[in-house]
Amino acid sequence: MSVVYDIAKKVASMWSLIVGLRVTTKNFFQPQVTVHYPRQSVDNLSTFRGHIELVGQPKDPATPRCITCMLCATVCPSQCISITKAKAPPPEPAKKLPDHAEGPLVPPEKAEPPKAKVIKTPGSFELNFNTCSLCGMCVQNCPVSSLRFSTDVYAAGFSRQEFEYDLMARLRLQAAVLGVAASQVNSPACEDTLERVDPEKYRLAKGPLTQADAVTKGKRGQAA
Amino acid sequence: MHIPMLGEVSIELIRLVLGLVLLAAFVGGNGVVLVWLERKVAGHIQRRPGPFEVGPHGLLQTLADAAKMVGKQLVTPAGADKLLFWLAPLLAFLPVFVLFLPISWGEGIFVLETNLGLVLILAFAGINVVAVMVGGWASNNKYGVLGAARAVAQSVAYEIPLLLSVLAISFMTGSLDLNRIVELQGNWPWQWNVLVQPVAFVIYFICGLAETNRAPFDLPEGESELTAGFHTEYSGMGFGLFMLAEYANMLVVCGVASILFLGGWKGPFLPGPWWLLAKMYALMALIMWCRWTFPRVRFDQLLNFNWKWLIPITLANLFLTAVLVKVF
Ligand code: SF4
Ligand code: SF4
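Each protein sequence line maps, in turn, to chains Z and E. Going by the working numbering, the first residue of the first sequence is number 1, and it counts up by one from there. Going by the working numbering, the first residue of the second sequence is number 1, and it counts up by one from there.
Next comes chain Z alone, as it looks inside the complex:
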């Protein structure tokens, strides 16, 4: 009897084939969920982990938060970060003590020597992206959160040299372009640069201007 039961069970399980066909038919007639790339682009780039870039100080976006602790360059397994400290400005000439000082006279050898101001911003911050494995150790270990992943999905080039980034220059450019874009200058070249440098910020900076097309871009699958 169990043979008959087995056969009946197997035949009954054939129903799953019909179910499968039904699933694919249903999907066939539903709207598509992909984006037609050159005409539309995705809007969820914030989680994209591109090459690393510097984060500017809140008040001075052209200067990185970096304190040149060199931790990132040290932990990087591929040694692709090279940082040099900025040179300290020449020490101010020591103030002459007034000839007739009031109060108790301090012998000159006991007076505190004038402190040289400690400069912590890096002089240069270079990334060799060719050997970077995008492990994220540098981003994770920076004590002042001065590093992050860029959302530059369009990084492409013809030579190795194009992937050796001067991150300080990049930050200055970003800050400059952002400042301009925030004041609503509609020069196409400027917008172009910004979009290339930082597509996400570009959208934010353009703000209400592109709110409408952000919505249309969000509606995926509608062929343009």
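Rather than coming from a laboratory, the hints here were simulated on the basis of the structure. Just so you know, not all the hints are guaranteed correct.
The calculated DSS-like cross-link candidates involving lysine-lysine, where the alpha carbons are at most 27 Å apart (straight line), are [unchecked claim]:
| hint | chain 1 | residue 1 | chain 2 | residue 2 |
| --- | --- | --- | --- | --- |
| 1 | Z | K85 | Z | K120 |
| 2 | E | K82 | E | K142 |
| 3 | Z | K10 | Z | K59 |
| 4 | E | K40 | Z | K26 |
| 5 | Z | K9 | E | K308 |
| 6 | E | K308 | Z | K10 |
| 7 | E | K40 | E | K82 |
| 8 | E | K40 | E | K142 |
| 9 | Z | K10 | Z | K26 |
Per the computed footprint, the stretches of chain E lying under chain Z, defined by three or more beta-carbons under 8 Å from a beta-carbon of chain Z, are [what the hints assert, rightly or not]:
| hint | region |
| --- | --- |
| 10 | 15-29 |
| 11 | 290-298 |
Please read these numbers as outputs of a predicted model, since none were measured by experiment. All C-beta atoms, glycine included, are put in the ideal place defined by N, C-alpha and C.
Got chain Z; can you put chain E with the ligands on it based on the hints?
Relative to chain Z, chain E with the ligands alone:
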């Protein structure tokens, strides 16, 4: 059969040559359309557009692909048997023309009149397996050899239920002539053989999938485990010919299915060839639908399914048909 006279021979010859040229155009054109259609179906089932950039809705994509393929270098792998290696794609593609010869496209529209059309098709369809086997073996590649071995085991196994299910129709109609089989069916669906022989139709269709190495029976070229199986090493048009042959074979399977079970070129209102084409394309769509729905079967499942299920069922079906034909 009568001995043809000289005048008749030349007319037959002209008809044959003309027919072959038309068939070549038909096979090529269909390859282009079907590859595009397949990719569109796959795309839409997976909720994406499929080819979209070349031509309106990607219609010219296959032509672009073909141009690319023709431009590619033909590489023979080291240690391969050069002669057999390049013979295999030709071996796969050339019999395709013979397969189309006896198919009747309408009242009196056929390339070759023969009362053994079915036998001709079934005999020449087997050459495809030889081509796959030779190609896989001559590549000097372990994936190729594995694919070839699978192809042989699979084709040998599935040819049996295929023949048995076709035989059921032959028993009923008492003929191996495709023209005659069509003529015995009517214009309307309830006059078609599929109503009398539904089991044979389903089994023929399943075996057709297996014989043309289509998913879910595409083990000889299983991409996930054998990279591309027997055609792993083929580049450029070598691969192109295999591909074209696969699509042509699918068309033949669909054509024969339409003729045997779905009334062939018969149908109301429209002239014959359109009906046959429509039925072929409907079956092609079904094949594509299956491909993008069902996962590939395992090899033991494939053989078990054949030997334990298909063959006993077709044998029973054939026996029943024979008894009923004898009784009535
Ligand atoms: S992501 Fe990893 S490899 Fe790349 S720069 Fe940072 S630490 Fe180095
Ligand atoms: S770890 Fe952070 S603060 Fe330290 S050098 Fe690197 S970027 Fe600057």
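Checked hints:
Between K85 of chain Z and K120 of chain Z the CA atoms are separated by roughly 7 Å; this keeps the pair inside 27 Å, and the hint holds. At most 27 Å may separate the alpha-carbon atoms for a hinted pair to count; K82 of chain E and K142 of chain E meet this at roughly 17 Å. Distance hint between K10 of chain Z and K59 of chain Z is unfulfilled; the C-alpha atoms sit about 71 Å from each other, more than 27 Å. Taking the CA atoms of K40 of chain E and K26 of chain Z, the gap is about 15 Å. The hint holds against a cut of 27 Å.
The suggested pairing of K9 of chain Z with K308 of chain E holds, with an alpha-carbon distance near 15 Å, which does not exceed 27 Å. The straight-line distance between the Cα atoms of K308 of chain E and K10 of chain Z is roughly 12 Å, inside the 27 Å bound, and the hint therefore holds. Between K40 of chain E and K82 of chain E the CA atoms are separated by roughly 36 Å; this puts the pair beyond 27 Å, and the hint is violated. Restraint check for K40 of chain E and K142 of chain E: the C-alpha separation of about 33 Å exceeds 27 Å, so the hint is violated.
Taking the CA atoms of K10 of chain Z and K26 of chain Z, the gap is near 26 Å; set against the 27 Å cutoff, the hint holds. Chain Z is given as covering the region 15-29 of chain E, and this is violated because 0 residues of the stretch bring a CB closer than 8 Å to a CB of that chain, at least three being needed. Residues of the region 290-298 of chain E with a Cβ under 8 Å from some Cβ of chain Z number 4, which satisfies the need for three, so the listed coverage holds.
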